[in-house]
Amino acid sequence: MSVTNPTAMEHGLQSCHGCGLLSRPAPGAHEGRCPRCDEDLVFRKPDSLQHTLAYLVAAAACYVPANLLPVLTTTTAGGSESDTIMQGVVLLWSPTGWPLSLIVLFASIMIPSAKILALGYLLITVKRGSITNNAQRVRLYRMVEIIGRWSMVDVFVDTFTVSLIQLQPLMSVEPGPGLLFFAAVVVLTMLAVESFDPRLIWDTADAKETQKKVQYA
Amino acid sequence: MPDHDPSLPPVPESKAVPKKRTRLSLVWVIPIVAAAAGVWIAVTKILEKGPEITIVFSSADGLVANKTKVNYDGLDIGMLTSIKLMDDHKHVIATAAMHPKTKDFLVKDLKFWVVKPRMSGLNITGLGTLLSGNYIGVQLGESKESERHFVALETPPLTGDVPGRIFILKAPELGSLGTGTPIYYRQLPAGQVVSYELDKDGGFLNVKIFVESPYDHFVTKDTRFWQASGVDVSLTAAGLHVQTESVMSILAGGIAFENPTSDAPQVPAEANTGFTLFDKRATAFEPPPVDPRAYLLVFKQSVRGLSVGAPVELGGVNIGEVTQISPQFDANKMEFSIPVMIQVDPQRYGVKFLGWDNDKETLSIRQKIMNSLVARGLRAQLKTGNLISGALIVSLSIVPNAPPATLDWSQNPVEIPTVSGGFEAIEDSVATLLKNLDKVAVDARGTLTNADTLMLSLDKTLGTTRGTLTNADNLINNAGTMIAPDSVMNTELNILLQQGGDAARALRILADYLERHPEALIHGKPGEAKQ
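Heads up: the protein sequence lines correspond to chains P and B, in order. Residue 2 in my numbering sits at position 2 of the first sequence, and the numbers go up by one each step. Residue 93 in my numbering sits at position 93 of the second sequence, and the numbers go up by one each step.
Source of the hints: derived by calculation from the structure; they are not laboratory data. Don't take every hint at face value.
Unchecked claim - In silico DMTMM-like links for lysine to aspartate or glutamate, alpha-carbon gap of 20 Å or less: (1) B:Lys103 to B:Glu147; (2) B:Lys49 to P:Glu145; (3) B:Lys45 to P:Glu81; (4) B:Lys111 to B:Glu52; (5) B:Lys84 to B:Asp109; (6) B:Lys49 to B:Glu13; (7) B:Lys49 to P:Glu81; (8) B:Lys45 to P:Asp83; (9) P:Lys45 to P:Glu145; (10) B:Lys525 to B:Asp443; (11) B:Lys103 to B:Asp73; (12) B:Lys101 to B:Asp61; (13) B:Lys67 to P:Asp203; (14) B:Lys208 to B:Asp104; (15) B:Lys111 to B:Glu142; (16) B:Lys67 to P:Glu81; (17) B:Lys111 to B:Asp61; (18) B:Lys280 to B:Glu173; (19) B:Lys221 to B:Glu270; (20) B:Lys67 to P:Asp40; (21) B:Lys101 to B:Glu173.
None of these values were measured; they are calculated from a predicted model.
My request is simple: use the sequences and hints to build the entire structure.
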């Protein structure tokens with residue numbers, strides 16, 4: 001941390017997200033295109049924090065109904081039954097089925113909530129200009145980015161079940177409104193991760209280092 | 001815009017405002033939409049949350065919280081959310097979250113019960129619950145008073161929501177009736193027994209029945225109800241009667257009702273009208289008494305086969321019935337007699353009276369008529385009503401040559417003189433007949449002895465005849481060589497042959513006769529027996 005690394009932005013340079021080419025924006029113009037691959041060039045993702053926050057709030061808003069509303073409605077000859085994700089976990093919990101139950105619990109309940117919390121933590125720290133645990137925070141970001149898509153497994157399995165189990169009139173499975181919200185949570189958190197610019201973590205840290213140096217000098 | 005005027009004194013420059021960077025991004029539409037969707041869902045959920053009710057059950061058997069549904073007419077209108085034991089440790093109290101639309105039918109007389117497989121009589125209900133699990137059935141109430149706490153019924157109400165009316169039958173005994181026993185109108189199922197209870201004084205049962213619409217319109221004040229349970233076999237003086245309703249009712253019992261045929265307009269009876277439940281159709285349709293009169297008959301003969309309820313007939317037409325049979329012993333005369341009480345009501349059974357004004361009828365006229373009838377030979381006698389069962393009936397008829405008798409009007413009831421009849425009379429005749437037969441048998445024995453003698457003599461005669469013929473043969477042989485055509489011998493031979501021919505003819509006649517009347521060998525020729 002003690003070493004202040006020079007950043008491209010400080011030197012008025014832009015690095016291309018597509019091909020990594022370093023270029024200088026045309027004089028007067030703030031934004032441009034990569035001369036090599038024609039990618040949009042920005043110093044930092046525009047309104048990154050705001051966009052991430054918006055997506056995160058939306059994801060958090062969807063997370064509540066996703067867990068309270070039924071995701072699957074099973075109709076058998078004896079009547080119909082609606083289950084939420086948590087009820088599914090409880091239903092799967094048995095001496096032999098507990099690993100499956102745990103998978104559902106992790107993939108569908110813990111990961112989305114962990115993602116929302118992690119992104120919230122990153123947003124707050126970046127906004128407040130925190131300079132501690134920078135490397136940890138970036139690692140957290142990468143983990144969130146990688147693991148995020150796996151939450152889609154639940155949606156995937158549910159839609160498969162719905163399309164496969166259509167034994168009218170004996171038995172049928174219908175998606176519940178919770179499934180829609182759950183998919184929205186997954187998509188929105190992925191968008192939030194996408195719109196977050198991890199370089200911001202270093203920007204503030206570096207800026208503060210510089211400030212400190214200026215103050216002590 | 002004019003150029004800067006150099007003649008003006010120096011003017012301070014305005015502060016440059018950097019272009020606002022923090023504008024609201026369009027991306028905020030997404031969380032707003034998400035929040036709106038969430039709020040909308042929450043609001044609809046809250047609005048969907050209907051009233052909560054409690055139902056007390058006697059047992060939680062088959063009830064599962066968050067699984068057992070409240071079902072009205074095949075539609076789920078609620079769900080049990082919790083089941084707890086009540087403080088008395090005998091009942092369970094279930095809380096049910098109801099559909100919001102049910103708010104206005106949660107009234108005081110709403111009925112709940114557990115629907116599970118049941119069998120009553122031949123009806124099996126609730127088979128669907130074998131797969132779906134038990135659910136709670138609902139029957140709508142009519143009260144306007146709102147209510148949130150209910151006590152479930154032990155058994156499902158039978159009347160359902162079918163329109164119809166409830167009537168109450170007074171039955172001496174339950175028979176094969178039970179809750180759910182079908183009611184038949186012209187052998188169509190028209191309702192069922194809802195409940196039954198002993199009357200307060202224990203004298204009879206009050207059977208509550210429900211007659212469905214439109215059959216309930218056929219229940220009038222005159223309607224007769226009778227037990228159509230099983231097969232009604234009655235062996236009466238009138239013969240063997242088999243009366244059944246349907247195969248269903250043979251197996252499971254039932255009640256049938258019908259209206260007596262009448263021209264009067266049929267006004268449907270009010271709900272909860274009381275009726276008598278008769279034990280069979282015949283009794284149900286007996287006409288009501290018009291003018292019953294009791295009489296006493298004293299029989300000296302056996303009344304075996306006569307029972308209370310046996311008909312009293314006049315010229316083969318039923319006009320009354322036997323009401324009491326009670327033997328008595330007269331210690332003075334040292335003899336048994338059997339007084340039989342009868343009740344006669346000719347008008348009830350449709351006997352028409354000619355030259356008789358019922359309104360002007362007085363006791364004296366009635367007495368006068370009865371007196372003259374008895375003087376002309378009106379007697380009561382027992383007659384066999386049914387040869388197989390030996391059941392007796394009382395027959396009133398004019399008996400010619402009856403010993404004279406009079407009525408004693410000081411007695412109550414009045415005694416009508418009797419003559420022996422029925423089996424007693426037959427027994428008398430048979431005894432006489434047997435006596436005669438005995439005599440005939442003795443005669444017949446004598447006849448047989450005679451016939452025997454006759455046969456013996458006939459045998460002798462035949463032997464003689466055969467000898468005669470042999471002699472004649474010899475004679476002819478001799479004569480063939482010996483006699484000339486015109487000799488004395490010839491003449492004598494002719495005479496002899498003639499006699500032989502006569503004997504043969506006589507024999508033939510006898511043989512012919514025996515062929516036609518072989519019994520003559522035993523009985524002899526008619527007229528001979530007497531000798």
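Results of checking the hints against the structure:
1. B:Lys103 to B:Glu147: holds (10 Å)
2. B:Lys49 to P:Glu145: violated (39 Å)
3. B:Lys45 to P:Glu81: Given pair Lys45 (chain B), Glu81 (chain P) holds - Cα atoms ~17 Å apart, limit 20 Å.
4. B:Lys111 to B:Glu52: holds (16 Å)
5. B:Lys84 to B:Asp109: violated (23 Å)
6. B:Lys49 to B:Glu13: violated (66 Å)
7. B:Lys49 to P:Glu81: holds (18 Å)
8. B:Lys45 to P:Asp83: With a Cα-Cα distance of about 16 Å, the restraint between Lys45 (chain B) and Asp83 (chain P) holds, given a limit of 20 Å.
9. P:Lys45 to P:Glu145: With Cα atoms ~16 Å apart, Lys45 (chain P) and Glu145 (chain P) stay inside 20 Å; holds.
10. B:Lys525 to B:Asp443: With a Cα-Cα distance of about 14 Å, the restraint between Lys525 (chain B) and Asp443 (chain B) holds, given a limit of 20 Å.
11. B:Lys103 to B:Asp73: holds (17 Å)
12. B:Lys101 to B:Asp61: This hinted pair is violated, its Cα atoms lying about 28 Å apart.
13. B:Lys67 to P:Asp203: violated (56 Å)
14. B:Lys208 to B:Asp104: violated (30 Å)
15. B:Lys111 to B:Glu142: Given pair Lys111 (chain B), Glu142 (chain B) holds - Cα atoms ~11 Å apart, limit 20 Å.
16. B:Lys67 to P:Glu81: holds (8 Å)
17. B:Lys111 to B:Asp61: The hint holds at about 18 Å.
18. B:Lys280 to B:Glu173: holds (13 Å)
19. B:Lys221 to B:Glu270: holds (9 Å)
20. B:Lys67 to P:Asp40: Outside the cut-off at roughly 57 Å; violated.
21. B:Lys101 to B:Glu173: violated (46 Å)
In summary, the structure is inconsistent with hints 2, 5, 6, 12, 13, 14, 20 and 21 from the numbered list given earlier, while agreeing with the others.
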